[in-house]
Amino acid sequence: MTDTRAEIIRAKGITKRFGALVAVDNVDYLLRENEVAGIIGSNGAGKTTFFNLLTGFFPPDQGTIRYKDEDITFMKPQQRVARGLMRTFQLTATFDNLSVIDNLVLAFFRAYRKSSMLQLLLNTCKGQRNDPKIVESLETFDLQDIRDRIVKHLSLGEKRRLEIAMAVLTEPKVLLLDEPLAGLSESEIKSVLGVLRQRIGRQTILIVEHKISHVEDFLERLTVMHEGRIIADGGYEETLRDPEVRRSYWQIDTSGEQDRTVVA
Amino acid sequence: MISMQLLTSGVIFGLSLGSIFFLMTIGLSLCFGLMRIISLDQLLYYSVGAYITFSVSALLGNIWLGVLAGAIVAGASALVVERIVFRRIYDRDLPFTMITSFGVLIGGVGVIKYFWGLVPRPVGEPIVARVDILGTDIPVYRLVIVAIAALVYIGIWLFLNRTIIGKAIRAGTEDVEHVEGLGINVYRLFTITFVIAGALSGLAGGLYAPLIMVDPNMGLDVLAFVFMVVIIGGLGSIKGTLISSFLVGQVVSIGSLVYAPLAQMAPFAIMLLILLIKPTGLFGSQMLKR
Ligand SMILES: Nc1ncnc2c1ncn2[C@@H]1O[C@H](COP(=O)(O)OP(=O)(O)O)[C@@H](O)[C@H]1O
Ligand SMILES: [Mg+2]
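Chains as they are written, first to last, in this note's numbering: chain A, 1 to 264; chain B, 1 to 290.
Looking at chain A on its own, in the form it has when it is part of the complex (with noise of 0.2 Å):
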């Protein structure tokens, strides 16, 4: 099956080096737009270092990374921000002695790129924080209650939320989440997920997972790394029927790892 939709990130061969370990070892991967896909693997396959990678965190070793026409290999993160690729991280990025709105401010910044220095530094956050984009952000994120909460007295899952209310409020093309599932519970991940299927068919999506359990049901492409290559890509169901991710996902199941799922 082809699909028609015009890509907008590939990456080609790319390779990063921490001193003798190859993070990740020779990658290639495509992604279109607004796509909705998940990259699974266990611990240390190399995931984060790959979203490093797409978002400048630091350049590859080897390779390199196109976006849309231009080639970002070793393109600055907020050169990559301002052509819409944001990300969100593993461990959040939240501001914790900033309010929650003021934490959804400074992510609405770059709309105040061309102000002159003079109003930026007299720009008081009051207005900003009226803007219709906020408050819909408030809305939608479900953060209105806690609005002016200082976030390190936040849930994992509150900071989780305003995490991707941040990112989404950049207007990005490419949302890349990096394990948002991770140590939510039951009742937190579901309303994660609620605030992300609303953003499917907006901008292309990239999840990386550790468990693939919360995510099956609207990933459409499922790719598996292991030990920095990728060893499967392609529609969701035919992936996890691939007889090499079964193998290396046996291993792994059995090794100690909680992510029963991928096999069963």
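These are computed hints drawn from the structure, not numbers from a lab. Keep in mind that a hint or two might mislead.
If you anchor each label on the Cβ, the simulated ranges turn out as follows [to be verified]:
no.: 1; chain 1: B; residue 1: Gly155; chain 2: A; residue 2: Lys152; range: 22 to 30 Å
no.: 2; chain 1: A; residue 1: His153; chain 2: B; residue 2: Leu275; range: 44 to 52 Å
no.: 3; chain 1: A; residue 1: Arg149; chain 2: B; residue 2: Gly117; range: 27 to 35 Å
no.: 4; chain 1: B; residue 1: Trp64; chain 2: A; residue 2: Asp96; range: 54 to 62 Å
no.: 5; chain 1: A; residue 1: Gly194; chain 2: B; residue 2: Gly103; range: 40 to 48 Å
no.: 6; chain 1: A; residue 1: Phe18; chain 2: B; residue 2: Ala224; range: 41 to 49 Å
no.: 7; chain 1: A; residue 1: Ile150; chain 2: B; residue 2: Leu273; range: 27 to 35 Å
no.: 8; chain 1: B; residue 1: Leu211; chain 2: A; residue 2: His153; range: 42 to 50 Å
Restricting the straight-line Cα-Cα distance to at most 30 Å, the calculated cross-link-like pairs of lysine-lysine (DSSO-like) are [said to hold, decoys possible]:
no.: 9; chain 1: A; residue 1: Lys76; chain 2: A; residue 2: Lys190
no.: 10; chain 1: B; residue 1: Lys239; chain 2: A; residue 2: Lys133
no.: 11; chain 1: B; residue 1: Lys113; chain 2: A; residue 2: Lys152
no.: 12; chain 1: A; residue 1: Lys190; chain 2: A; residue 2: Lys211
no.: 13; chain 1: A; residue 1: Lys126; chain 2: B; residue 2: Lys239
no.: 14; chain 1: A; residue 1: Lys211; chain 2: A; residue 2: Lys152
Glycine included, every Cβ here is placed at the ideal spot set by N, Cα and C.
Guided by the hints, dock chain B with the ligands onto chain A, whose structure is given.
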């Protein structure tokens, strides 16, 4: 025994000294909080502020204009140094940036000597009036310095807590990479912070100039006190800087009333004591808390 008069004037003297320390170290603290650099060159902008105050007030006959010009030129010098030097070395480790900043300070002192010579310069007092507080004759100018420092503290607080750039700076003290991850150009934040720091250091120099002789080594002379303030208060904390500035100011002032050599020694003793009890300084671990 110390008389009531002496004590009152000692406390006021200490408050004004603490205010100067505060203006001098707040920039250092902000720069450390956000950029993780120890910017000893702030003491250069302090001297620049004092010298510009001297020259402009001699030229225009108005000391306040001199102080204002001093703060502006100090901020501009900081901008130049940030662009030419720090922009290139933010990624380097703390000792490297600290030694570099010390190099800038020493080099800058050389430039000052070139322009203004070695002779200490006097600056007149902008306010000669005195007021009676608890039966003690107090120069109003000292009180004005305290008031200005209070205004600066409020201004910084409002800036950090009410403006978008301020919030971004506070977010940056938590995690610069994550701020960058939101598509915010953190180098712009760095520049703003550095220039504010330099201007405040310059303000400190300009305000202090009428009370001392302006000389090329004035920055180096206060280096020890600046170290004590930041070590006692804990780097990166605005509140800590404020409290420890006034603590050191009082200790120097009251200490010298009791026994003159204590002025140098007492704050040092307190610093050692605090380091023994809390090695991060009073507020060291809490960055830029409200
Ligand atoms: N900054 C780093 N420095 C050194 N090693 C790293 C770094 N980041 C990740 N690694 C190593 O690279 C491998 C892949 O890590 P990571 O990408 O975090 O895996 P995953 O997200 O799939 O759990 C691991 O062995 C990890 O220890
Ligand atoms: Mg990871």
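Here's how the hints hold up against the structure:
1. Gly155(B) x Lys152(A): 22 to 30 Å: 26 Å, holds
2. His153(A) x Leu275(B): 44 to 52 Å: 32 Å, violated
3. Arg149(A) x Gly117(B): 27 to 35 Å: Distance hint for Arg149(A), Gly117(B) is violated at roughly 59 Å.
4. Trp64(B) x Asp96(A): 54 to 62 Å: 42 Å, violated
5. Gly194(A) x Gly103(B): 40 to 48 Å: 57 Å, violated
6. Phe18(A) x Ala224(B): 41 to 49 Å: 43 Å, holds
7. Ile150(A) x Leu273(B): 27 to 35 Å: Given about 33 Å between the Cβ atoms, the range holds.
8. Leu211(B) x His153(A): 42 to 50 Å: 46 Å, holds
9. Lys76(A) x Lys190(A): 34 Å, violated
10. Lys239(B) x Lys133(A): 34 Å, violated
11. Lys113(B) x Lys152(A): 50 Å, violated
12. Lys190(A) x Lys211(A): 15 Å, holds
13. Lys126(A) x Lys239(B): 24 Å, holds
14. Lys211(A) x Lys152(A): 27 Å, holds
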